[in-house]
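K.L.:
Below, each chain spelled out in residue letters.
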Amino acid sequence: MATRIAHLFTRLAQERRKGLIAYLTAGDPSPEHTPRLVAALERGGADLIELGVPFSDPIADGPVIQRAGYRSLAAGTTLARVLEMAARIRKTSEVPLLLFTYLNPVVRFGFDRLALEAKAAGIDGVLLTDASVEEAAPYLPPLRAAGLDTVFLGAPTSTSRRLKLVAEYSTGFVYLVSRTGVTGEQTALSDSIGPLVAAMRAVTDLPLAVGFGISRPEHVAEVARTADAVVVGSAIVRLIEERAALPSLEADLEAFTRELKRPLLEVRP
Amino acid sequence: MLISEPDAGGHFGVYGGRYVPEVLMSPLEELETAYREARQDPAFHEELDHLLRTYVGRPTPLYYAKRLSESLGGARIYLKREDLLHTGAHKINNALGQALLARRMGKKRIIAETGAGQHGVATATVCALFGLQCIVYMGEEDMRRQRLNVFRMRLLGAEVVGVSAGSRTLKDAISEAMRDWVTNVGTTHYLLGSVLGAHPYPAMVRDFHRVIGVESREQMLAVEGRLPHRIYACVGGGSNAIGMFHAFLSDSDVRLIGVEAGGRGAELGQHAARFSGGAPGVLHGALSYVLQDDDGQVALTHSVSAGLDYASVGPEHVRLREIGRTEYTSCQDGAALEAAQLLCRTEGIIPALESAHGLAEMIREAPRAQGEIFLLNLSGRGDKDIDIYRENLKDLDAD
Chain A
1 MATRIAHLFT RLAQERRKGL IAYLTAGDPS PEHTPRLVAA LERGGADLIE
51 LGVPFSDPIA DGPVIQRAGY RSLAAGTTLA RVLEMAARIR KTSEVPLLLF
101 TYLNPVVRFG FDRLALEAKA AGIDGVLLTD ASVEEAAPYL PPLRAAGLDT
151 VFLGAPTSTS RRLKLVAEYS TGFVYLVSRT GVTGEQTALS DSIGPLVAAM
201 RAVTDLPLAV GFGISRPEHV AEVARTADAV VVGSAIVRLI EERAALPSLE
251 ADLEAFTREL KRPLLEVRP
Chain B
1 MLISEPDAGG HFGVYGGRYV PEVLMSPLEE LETAYREARQ DPAFHEELDH
51 LLRTYVGRPT PLYYAKRLSE SLGGARIYLK REDLLHTGAH KINNALGQAL
101 LARRMGKKRI IAETGAGQHG VATATVCALF GLQCIVYMGE EDMRRQRLNV
151 FRMRLLGAEV VGVSAGSRTL KDAISEAMRD WVTNVGTTHY LLGSVLGAHP
201 YPAMVRDFHR VIGVESREQM LAVEGRLPHR IYACVGGGSN AIGMFHAFLS
251 DSDVRLIGVE AGGRGAELGQ HAARFSGGAP GVLHGALSYV LQDDDGQVAL
301 THSVSAGLDY ASVGPEHVRL REIGRTEYTS CQDGAALEAA QLLCRTEGII
351 PALESAHGLA EMIREAPRAQ GEIFLLNLSG RGDKDIDIYR ENLKDLDAD
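Top to bottom, those sequences are chains A and B.
Under the working numbering, think of the first position of the first sequence as 1, with each following residue one higher.
Under the working numbering, think of the first position of the second sequence as 1, with each following residue one higher.
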């Protein structure tokens, strides 16, 4: 049973295009904003949306996404409400949705319940930020049974044994972390991207997305030379933070997304 | 014979493990390997033991608290004097062990988190001793509460970085230290200060503190010719408690009692009593008991004692409680302050507020335990807490 995520990467390959993945913290600045912001990202050309679930102790996130999480929690966001947002998005859109979450809210919610309710809400896959493949493995069967993809992270520090494990447990695609560090914009791209993509290609046929520290169209262009998709997170979340109160928020977000997407529109040989 | 060791993945029962982003998995494996090799290297133990003796001040005395015992009229009370160690608390046992390990691994930059500041001071101390760069993350609320320790760390050459996120206490300091480690993992050793975090930390930190119980057991046999009936220790992350308890795990007649911070009361957010108010959850790398709300968001905590003010607890404690070997209770701020004053006036010992929690529970039980022997791990001294004692005992501070 192929998910929207699998269909997306099949289509991108057929069209010889690379994908743009956009991250935003669900519920930032309020749960009401999220479906409209996702629509703006989609209009701007985002091929896949990562819906971040806010967590009180986001150890893998830099200041921008930390602040978004605190705003979202203050606005009353819970995992259940994120699923409601997904269901609202799904009423009008077929964009693939990946739930991007720390483990504890899901442990509390229950994996069996998440599998059923996330699927019903139109979520296509789940990425558990702070669960190694070893710890996550026992939790995966209900997600798989519900037809949800499980995406894991590969990192520049991962040994080839670990990259193999990450690939083995991932479905849909593998998310490669561009550098050792937390989420956040960088002025220059990390040198580890090329070698990491190559090392991962050697052990899997799954599509590869690269994220962390990618914030500008020129970064997107550079990363897309090797990866199948490029993830932009903090730069989007910062734009939402800076313009939350402006009437032009959605138009600005759409325009920024279009800028990020532009380098990916050229069909490659 | 009860042996409590984690499985290959670092699990005590189902608790513990390695719940971290992938970027930290290989570094944790590397640390585990380095630690295993160090453990098997006689030269490592020789240097550690030598420094524990000549620099840290081990062994610490086992002291019979005669006036305290008599004033309570029940159990005979012994104190394990970890408060007499260099830097004023048990924390240096672990800081020294991990610093030696970091040096072995060729890591020249050390980061640490601290709550009360005792672990930060111990880390700053061993970094000065070995000429290592030292950065300590500390919640801004804790910096305010433990100003003296902030200055001590700086005096010892460490950089203290204030953390303004969340509750601005230990939880947020650990999060920030983990972010630093994720970013600088190639050059940096994270010198974690309690039996918390991802494997191998809970087992490794415990091993470095195990000496507390090993010494106590020998000393008690030498003085009393028998083992104590009950052993008390405060439990924040639980490093002093596990270090004391471990040597007694197979002595099934010895009751092992951990005392958590009851804070101001039983309402979520007002205490740090994980075993009465928490539920299984994942925080900072391990599955343990976590104070949290119904949505899995980690709760804020309160304790008069910064070192106990944390939402989770060492995973081995959870396992030992599950199999019925250890028991846990809690003590509120007021009882800890009162117990500390009794120790001051009967024995001339000003305890750390953390240790005062274990003391308070022991004092509560002692009058009803005629003929029994109690042992308390007096894990730290109260010099660092003078400002808090002054704030809370205003009648002593009037001219």
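Rather than coming from a laboratory, the hints here were simulated on the basis of the structure.
Since the model is a prediction, treat every value here as computed from it, not as a measurement.
Ideal placement from N, C-alpha and C gives every residue a C-beta, glycine not left out.
Take these hints with a grain of salt, some might be off.
List of simulated lysine to any residue pairs, SDA-like, C-alpha gap at most 25 Å [claimed, not checked]:
id, chain 1, residue 1, chain 2, residue 2
1, A, 119, A, 31
2, A, 119, B, 7
3, B, 66, B, 294
4, A, 164, B, 181
5, A, 91, B, 108
6, A, 119, A, 92
7, A, 164, B, 26
8, B, 66, B, 295
9, B, 108, A, 192
10, A, 164, B, 108
11, A, 119, B, 34
12, B, 108, A, 190
13, A, 164, B, 365
14, B, 108, A, 191
15, A, 164, B, 295
16, A, 164, B, 66
17, B, 108, A, 92
18, A, 164, B, 8
19, A, 164, B, 218
20, A, 164, A, 185
21, A, 164, B, 62
22, A, 164, B, 350
Taking CB as the label site, the calculated pair distances span [what the hints assert, rightly or not]:
id, chain 1, residue 1, chain 2, residue 2, range
23, B, 276, A, 202, 30 to 40 Å
24, B, 322, A, 137, 21 to 31 Å
25, A, 161, B, 1, 54 to 64 Å
26, B, 33, A, 141, 23 to 33 Å
K.L.:
Run every hint past the structure and note whether it holds.
P.N.:
The hints, checked one at a time:
{"no.": "1", "hint": "A:119 / A:31", "result": "holds (20 Å)"}
{"no.": "2", "hint": "A:119 / B:7", "result": "violated (35 Å)"}
{"no.": "3", "hint": "B:66 / B:294", "result": "violated (48 Å)"}
{"no.": "4", "hint": "A:164 / B:181", "result": "holds (24 Å)"}
{"no.": "5", "hint": "A:91 / B:108", "result": "violated (55 Å)"}
{"no.": "6", "hint": "A:119 / A:92", "result": "holds (16 Å)"}
{"no.": "7", "hint": "A:164 / B:26", "result": "holds (13 Å)"}
{"no.": "8", "hint": "B:66 / B:295", "result": "violated (50 Å)"}
{"no.": "9", "hint": "B:108 / A:192", "result": "holds (23 Å)"}
{"no.": "10", "hint": "A:164 / B:108", "result": "violated (31 Å)"}
{"no.": "11", "hint": "A:119 / B:34", "result": "violated (44 Å)"}
{"no.": "12", "hint": "B:108 / A:190", "result": "holds (23 Å)"}
{"no.": "13", "hint": "A:164 / B:365", "result": "violated (56 Å)"}
{"no.": "14", "hint": "B:108 / A:191", "result": "holds (23 Å)"}
{"no.": "15", "hint": "A:164 / B:295", "result": "violated (33 Å)"}
{"no.": "16", "hint": "A:164 / B:66", "result": "violated (63 Å)"}
{"no.": "17", "hint": "B:108 / A:92", "result": "violated (55 Å)"}
{"no.": "18", "hint": "A:164 / B:8", "result": "holds (19 Å)"}
{"no.": "19", "hint": "A:164 / B:218", "result": "violated (49 Å)"}
{"no.": "20", "hint": "A:164 / A:185", "result": "violated (28 Å)"}
{"no.": "21", "hint": "A:164 / B:62", "result": "violated (53 Å)"}
{"no.": "22", "hint": "A:164 / B:350", "result": "violated (55 Å)"}
{"no.": "23", "hint": "B:276 / A:202: 30 to 40 Å", "result": "violated (51 Å)"}
{"no.": "24", "hint": "B:322 / A:137: 21 to 31 Å", "result": "holds (22 Å)"}
{"no.": "25", "hint": "A:161 / B:1: 54 to 64 Å", "result": "violated (35 Å)"}
{"no.": "26", "hint": "B:33 / A:141: 23 to 33 Å", "result": "holds (31 Å)"}
In summary, the structure is inconsistent with hints 2, 3, 5, 8, 10, 11, 13, 15, 16, 17, 19, 20, 21, 22, 23, 25 from the numbered list given earlier, while agreeing with the others.
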